[in-house]
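Protein sequences, first through last, are from chains A and B.
Sequential numbering of the first sequence, starting at 1, is according to our numbering.
Sequential numbering of the second sequence, starting at 167, is according to our numbering.
Keep in mind the hints are simulated off the structure, nothing from the lab.
A couple of the hints might just be wrong.
Ranges between beta-carbon positions, derived for each pair [said to hold, decoys possible]: (1) B/193 with A/86: 44 to 52 Å; (2) A/81 with B/193: 44 to 52 Å; (3) A/88 with B/219: 49 to 57 Å.
Within a straight-line C-alpha distance of at most 35 Å, the following computed DSBU-like cross-link-like pairs (lysine-lysine) qualify [as the list claims (entries may be wrong)]: (4) B/379 with A/75; (5) A/75 with B/307; (6) B/211 with B/307; (7) B/379 with A/91; (8) B/379 with B/211; (9) B/211 with B/373; (10) B/358 with A/75.
Beta carbons: idealized from backbone N, C-alpha and C, even for Gly.
Here is how the chains run, residue by residue.
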Amino acid sequence: MSDHAGFFTSRLDEAIGWARKFSIFQYPFVTACCGMEYMATACSHYDVDRFGAGLPRFSPRQADVLFVVGTISHKIAPVLVRIYEQMAEPKWVVSFGVCTCTGGFYDNYATVMGIDTIIPVDVYIPGCPPRPEYVLDGLIKLQAKIQIQHSTGQRPRPEVRPEFER
Amino acid sequence: MNAASLIQAVKDRFPAGVKASHSYRGDATVILGREFLLEAARMLKEDTLFQMNFLMDLTAVDFSTFGTKRSPAFFANSGIAVSPSPEIPDADPWSGPPGGHPSAGAAPGTPGGHPSAGAAPGTPGPARFVVVYHFFSLPLKHRLRLEIPVGEVEEAEPEVDSLSSLWASADWLEREVWDMFGIRFRGHRHLKRILMYEGFVGHPLRKDYPVNKRQPLIGPVN
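Using the sequences and the hints given, assemble the complete structure.
Pasting the structure below:
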């Protein structure tokens, strides 16, 4: 009996993951020049809607994926954290552009050195700005991550790499 | 009016106030004493000869480390592109920072290392900051740069008169200069930070602001 139940929930996870990954409602948190590349990716030439992510929601409460696009300064960092906290689970964060990933070429009094110092990040898309192909690749990687995720929102364990074990 | 006659007209009206002037590549620049700023600005705006109804920019320069780094001339033979190109004749070269600087002109070949660099005659001494005003006249289509040396003596927060009563655009520009350089503007209605957040300590574009200093509102110091 328990075997059957286990079999059923695992298939349910798969179905939920499949449904989630093709209905990404994104919240674009656009602060800088990467926004132009984001728009290029979102528009018909590259068409992010082919991957089920075509409808940006401009309320974090209705969004699944937070796209952080552009340089994050120390002044706006508390706003970004509040936006993230307003999103309902399950939620994912995409760091779009090298400034959000690491601070980029900014190393000064004003810039946050990577948004992963303040919120958790699922996918990093480097580039200054990233080409739309990079963005789509990042989106596909995010979809793969969503697919294997447990329906309760629990992230899969990181892959064990024996060669890096001490 | 052309650059030379603009400078001459300012000199005629403020013979005591004008410390120096130059017109580098046709840009008229007048270096004026701090106490004459408000009077001169009002004259520039209201005098029919000038009609400077547009304050295009207002910023400041911190000269406290000027001359301690290598100049573009140092790179001239290195293959790195420097500007302006040495081939372009320079009839009226820039004479260095207003008020001069101890290191400028003292040793030839150092930055600002033009032979004529150094304190302009009659200046009270090296000024740490220069507040720069760019005026433009929409009806007469001429422009003038005004430079006000401040901080000749050690003062934590040097002060100049605010122009926000004459040009509304000065309001935010002066707030920016206060935020970045810590120069106060006498008569400004609400001189508070505009780019950095409340609680930020110091003025980041001052040369003595530590280049590694971080003051995050949230998250680690990194």
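Q: Verify the proposed pairing of residue 211 of chain B with residue 307 of chain B, using a straight-line Cα cut of 35 Å.
A: holds (13 Å)
Q) Per the hint of 49 to 57 Å, is the separation of the Cβ atoms of residue 88 of chain A and residue 219 of chain B within bounds? A) holds (54 Å)
**Q.** Pairwise hint evaluation, residue 91 of chain A against residue 379 of chain B, where the allowed Cα distance is 35 Å at most
**A.** Holds. Residue 379 of chain B to residue 91 of chain A sits at ~34 Å (cutoff 35 Å).
Q) Are the Cα atoms of residue 379 of chain B and residue 211 of chain B separated by 35 Å or less? A) Roughly 41 Å between the alpha carbons, so the hint for residue 379 of chain B and residue 211 of chain B is violated.
Q: For the pair we were handed, residue 75 of chain A and residue 307 of chain B, check the Cα-Cα distance against 35 Å.
A: Violated - the C-alpha atoms of residue 307 of chain B and residue 75 of chain A are around 39 Å apart, more than 35 Å.
Q. Is the hinted pair residue 211 of chain B and residue 373 of chain B satisfied, with a Cα-Cα distance of at most 35 Å?
A. holds (33 Å)
Q) Hey, residue 358 of chain B versus residue 75 of chain A, does the alpha-carbon distance stay inside 35 Å? A) Status holds; Cα separation ~15 Å.
Q.
Between the alpha carbons of residue 379 of chain B and residue 75 of chain A, is the straight-line distance 35 Å or under?
A. holds (15 Å)
**Q.** Beta-carbon spacing of residue 193 of chain B to residue 86 of chain A - inside the hinted bounds 44 to 52 Å or not
**A.** Because 51 Å falls inside the window, the suggested range holds.
Q | Distance restraint hint 44 to 52 Å, applied to the beta-carbon atoms of residue 81 of chain A and residue 193 of chain B | A | Once the Cβ atoms are compared, 46 Å apart, the range 44 to 52 Å for residue 193 of chain B and residue 81 of chain A holds.
Comparing the model with each numbered hint stated earlier shows that hints 5 and 8 do not hold.
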